[in-house]
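Student: Here are the chains, one letter per residue:
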Amino acid sequence: MIPIEISGLTKYYGSLCAVDHLDLSIGNEIFALLGPNGSGKTTTVLMLTTLLRPTGGSAWMFGHDVEREAQEVRRLISYVPQDMAVDIKLTGRENVSLFAKLYGISRRDETIDRVLGMMDLTDRADDLVRTYSGGMRRRLELAQALVHEPKILFLDEPTIGLDVAARKKIWEHIRTLKSRGMTIFVTTHYMDEADHSCDRVAILDHGKVAAVDTPGNLKGMLGKDLISARVTGRFSGDLPAGIERLGEKENGEFVFSSDHASEKVPVLFRWLEDHGAVIHSLSVREPTLDDVFLALVGSRDEVTGFDDQKFRTMLRRR
Amino acid sequence: MKAILSYFERDMLRWIRGRVSVISALVMPAAWLIFVGLALPTTFTDHYIDFITPGILVLTMLGASLQGGSLLIFDKILGFLNKFLALPSSRESILYGKILFITTRGLIQATVILVLAFILGATFLSPWSLALTYGILALFGVLLSAFSTTVALFLSDHDAYAAFNAMVSMPLFFTSSALMPYAVMPAWLSPLAYWNPVSYAIDAIRALQEGVLAWPRIGALFLLAVMVVGISVRQFRKVTL
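Protein chains in written order, with the numbering used here: chain G, 1 to 318; chain B, 319 to 559.
Hints should not be assumed to be uniformly reliable.
Stated by the list, open to error - Derived pair list, reagent style DSSO-like, types lysine-lysine, alpha-carbon separation capped at 27 Å:
#1 G/151 - B/556
#2 B/556 - G/101
#3 G/89 - G/169
#4 B/320 - G/101
#5 B/320 - G/151
No wet-lab data here; the hints were simulated from the structure.
My request is simple: use the sequences and hints to build the entire structure.
Tutor: Pasting the structure below:
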């Protein structure tokens, strides 16, 4: 039985299409939904976790329909939203205990000790969560999500607002959970994290899947190497043969692809100079998921306005 | 049932550990009783404290219940509600947990009022009347906390909820029989007051002071509570974001 099967999943908010006929089949893997804010990631997760009714299409968790068998689905999954919702006036153990009771877990104390241990929180279990760091709070949420041994774990932006070390640790835990047989569905807009840690990624653009594959294959689409240029001044005209323009990143970097990148550097150099650009640097590097994104979706400029929910979330975590 | 108690326990722990909110919850009604009960110049009774105590008791439940709706607003804003709704335990247990906590907290506040009222010279109630008074207050608390929690489910932020609270609580209280008997009300007010659910509770408690069980009033309160809880449960069952 396939852990997650999505077919034609669609969500309209009024006339705005947030998710547009999504088709995905997800096995026992770490699967990431990548995309900028407003691309429909969270809407997708809310539909998969039975919290939002799709406008069209459906999804199945191990064969259970998210709409008609919501109760069955809720037993199989756990959902950790991006808001970092843990009670700061309660201890870590009390926070986990709440979920153990709500799930009706038998042998509760044993289970609570086990999940706190899995998330390396045993030492601090009886401290108030108020004293926890952001990374610890996120791990506490994971511990809560694990009390009923879910088959599928949904994580919405699990590392948002955390520092580098905490992010690394969260991903280590996620990989451990996967190795124990759990299917993990994450959303993120951190391309590098998806690149390092996920088995497959889907790039979402305006509610549509632009590409689904392993990070390696996606990067492979762009060839072996890319040429990255930092220039000032505008340039236009047809590029020399064998060089294609991938796009311009928001940091002002121009990215070009070519099958023989190193040999094409001098060609591109001369061409750029002849066409009115002042070159600051020109280098050859391996493609990243960011480049894949650039090639498929274009610039990663914010699609939506200011997201105050996310802003609040980040503030609370400091 | 277990889920309801778990939600109740969570809210209780959070309330007790926020010391300021506990103190505030106990001081507020006391201030009402002292300043309204002892300071108002009244002519229709020479024992105003006996008259006003039921009014302040119900006012306390009203305030506690309406304020209680903000618990759900915060659960919603901070992301807790999403997590709870994704659980397999029944969704109405979230509602029942809130009703249980908000009503319990209101009854604790009401107890402070009662003790203080007796200290200030209110006539003692028989144990039977006292028990029934608690019963009526609890019924009223269930009605109002179900109402406020369900309204909170549909409001998006705390400002909207505060506005709703202000809009509802003051008119409900001042158009009730809390402050004066029907006989001395202006003619336009007395029918309004009679049909106000806040008065159902107040009148029923006043009747108990005389040793009378005011069945029509208690019955009306009960029916209203069953209706509102019924509607609220339906809303919680079908809610999506």
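Student: Taking only the CA atoms, is the gap from residue 320 of chain B to residue 151 of chain G under or equal to 27 Å?
Tutor: With Cα atoms ~24 Å apart, residue 320 of chain B and residue 151 of chain G stay inside 27 Å; holds.
Student: Verify the proposed pairing of residue 320 of chain B with residue 101 of chain G, using a straight-line Cα cut of 27 Å.
Tutor: 7 Å, holds
Student: Holds or violated: residue 89 of chain G with residue 169 of chain G, Cα cutoff 27 Å?
Tutor: Roughly 25 Å between the alpha carbons, so the hint for residue 89 of chain G and residue 169 of chain G holds.
Student: Between residue 151 of chain G and residue 556 of chain B, is the straight-line Cα distance small enough, at 27 Å or below?
Tutor: The given pair, whose Cα atoms are some 25 Å apart, holds under the 27 Å limit.
Student: Would you mind confirming whether the straight-line C-alpha gap from residue 556 of chain B to residue 101 of chain G stays at or under 27 Å?
Tutor: Holds, because 23 Å separates the two Cα atoms, which is no more than 27 Å.
Against the hints set out earlier in the document, no violation occurs for any number.
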